[in-house]
Amino acid sequence: MNGRGCRESLLCVFANRGLSMTQESANATAQEVAAFRERVLRKLTYSVGKDPENASDYDWFHAVALATRDSTIDRWMDCTREAYTGGQKRVYYLSLEFLIGRLLVDSLSNLGLFEVAREALAGLDVDIDRIRLLEPDAALGNGGLGRLAACFMESMATLGVVSHGYGIRYDHGLFRQAIVDGWQHEQTETWLDFGNPWEFERSEVKYLIGFGGSVTATTNEQGEVQHFWHWAEGVRAIAYDTPIVGWRGAGVNTLRLWRARPEADFHLARFNAGDHIGAAAEEARAESISRVLYPADSTEAGQELRLRQEYFFVAASLQDLLRRHLKQRGSLDSLPEYTSIQLNDTHPAIAVAELMRLLVDVHSYEWQHAWRLTTATLSYTNHTLLPEALETWPVGLMERLLPRHMQIIYLINAYHLDNLRERGIHDAELLRSVSLIEEDHGRRVRMGNLAFLGSHSTNGVSGLHTQLMRKTVFTDLHRLYPQRINSKTNGITFRRWLYQANPQLTQLLVEHLGEEVLDEPETRLRQLEPYAEQAAFRQRFAEQRLANKRHLANVIQERLGISVDPTALFDVHVKRIHEYKRQLLNLLHTVALYQAIRSDPGGNWVPRVKIFAGKAAASYHQAKLIIKLTNDIANTINADPTVRGLLKVVFLPNYNVSLAEDIIPAADLSEQISTAGLEASGTSNMKFALNGALTIGTLDGANVEMSEQIGLEHMFIFGLTAQEVNARKQGNEYNAEAIIAGSHRLSEVLSAIRGGGFSPGDPGRYVGLVDGISWHDTFMVCADFEAYWQAQLEVEERWRDPARWWRSSVLNTARTGWFSSDRTIREYAREIWKVM
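Numbering-wise, the sequence shown is residues 45 to 880 according to my numbering.
These are computed hints drawn from the structure, not numbers from a lab.
Some hints here could point you the wrong way.
Unchecked claim - Derived lysine-lysine pairs resembling BS3-like cross-links, with alpha carbons at most 25 Å apart: (1) Lys94 <-> Lys250; (2) Lys515 <-> Lys773; (3) Lys133 <-> Lys371; (4) Lys250 <-> Lys371; (5) Lys133 <-> Lys878.
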């Protein structure tokens, strides 16, 4: 059986909860197969409008998806009723991204129906392995932030946490990446072209969202001042619901996404008067809010649209959840007791001001009471230590677009600073640092500070990240509120990243650890450790990896026309292209290795395939130049006969969840080499380790906790620590030019790139790139180069010793159970949300 066929058929391991069945259970399965086949045929006929003889693969996909969705409805309804009758506290997860990927296999697997569906479709002469590939990835996210939100939603459903996810239903998600002559080109992502069979449009669930206008104040009979926001523009938010199924169908929660529509219907009179464009202008302006994920914000218009997006989904979500709470409880006084709102990064931070506006202006709460309700209800997750990634908005833009919110933010700030002065704090620098308004470089609203002050909990996403939050971005706020910051290390859902992505490894685990490993991986995976000492088991572990590598080699051949050796070391660096993630450092090593092979073609070289993937932000020119350099290096090395295939370099375009599911199970070496102190957590590092890849990386983000769980001897850790990086930056003693001069290897690499050795048609293409790291090596690429080179030599040494390599590989899988998103959600649920 080939790699792909084996990967798919083995999904029955966890779909049927066992490798053998009694005749009774076999008959029950036959009944399930017949029932599912009938549901598919009915959907094909009455929902898709096709008969089996004329149905296309797309028609079959939609029929199967709709039949699968129907299988979730009863449980979804039951969970909804239980939430109302049981009175459980609800968690609302507000995120600008939900990178949920394809849902067909995810839903079938979690419902235990994948093999049922396979057999049902086989009886109709339909191959589920073929039609599942037709499903587009839901383009609702960019990278780790959105994928984390998706994992969290699935874990909350699995653990029975009553929750709603709230976000935006983007018509076009993050761009589709095409590589043309080595350069990234952004193309429109059209994931909704054939509709979305998973969602339910709730046209009756709609809210009016205001923008612009002015604020007036009046005094009522009790002498209280009341404010009225007279907005200039209204936009309707329409709800679309997608059921999110937990493992074994344990629970089904709701992902509610908002689509923007104009307040008024199409202006027919203006159209008939000849103003055809003007008649549609209001509609186009409103719908632009939910048109594209992350519109470029390099212009004032782009910044305004980004702020409109953030307020739009926050305002709709808060109105929706308050309506639900009032319907069930009758009063907002109990809001914190029955509601917890988690802000996923600063994108939804405007929720602090919006919740205050709703409580004070709409529901007539006194300010201090409203503030207590707000802070007790909201909690905030920080995802970055990069100051530029902590959102700030120009005060002028905020006053024009959200005038009432700007008043509320001023008032929150005034109470905050007055309270500090009453505590005897008069240090002007300290007060300036913790203010919600930045005064130094144009007056701007600090959304990170707003989220911190307006929440009862602010958490980091790894141990190191949390420590650095206290020392850097929130150092002064932490001094004033020392109990507020806490750590919740990220996790991943094993259902997607092991059971579905790597069914061959899953089969191996079930055979040796029992079916319990599927339900209790956090504890059961540790029982794999003794098998690392068994040569026969290590051999089988290596064989499943080789099958996955053969599959990925086929993907590379099909997409790029490049032939790679599956027995070579697959060295994988896949993530968003950013200077701090240091794809450039990997490329410098690639060139150095290439030069070394050419200098000594008869040397004992380890055959290696360098695999890159990731998108650069559309306006991030340096990152796009790094993509071009990757492809230029690949073209040169792959075409050089003197290398004899010992080194291949590939850049796989349009990295997404589905491509990650092909790459991660095939990786031997996982590149996690960010500048220490800048990666908040990372989750790809966990996915790779779970599948047995060995990590080469810095002590950054969750790599620190991974090293504690897995053991430093089973990873390749190198480079400056976060403290050393900070010391070099603070001391102004770092001299990249001196380091380059002291490293013959690095000097030759940079000279080759700068001199046009990989861009003969444009010799000056990389002059600025090389000069930049020579003069201002902000991300310590040169500083860590030699340590990285040595770590890669250790990689090769271990690869040459299969017993050692595969022992470490098995132990990586065995010791990664702690990084389950179920564990993370339990910590949120117990310590922040108080729902378990």
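These are the hints, each one checked on the structure:
1. Lys94 <-> Lys250: 33 Å, violated
2. Lys515 <-> Lys773: It holds: about 15 Å lies between the C-alpha atoms, which stays within 25 Å.
3. Lys133 <-> Lys371: 14 Å, holds
4. Lys250 <-> Lys371: 16 Å, holds
5. Lys133 <-> Lys878: 8 Å, holds
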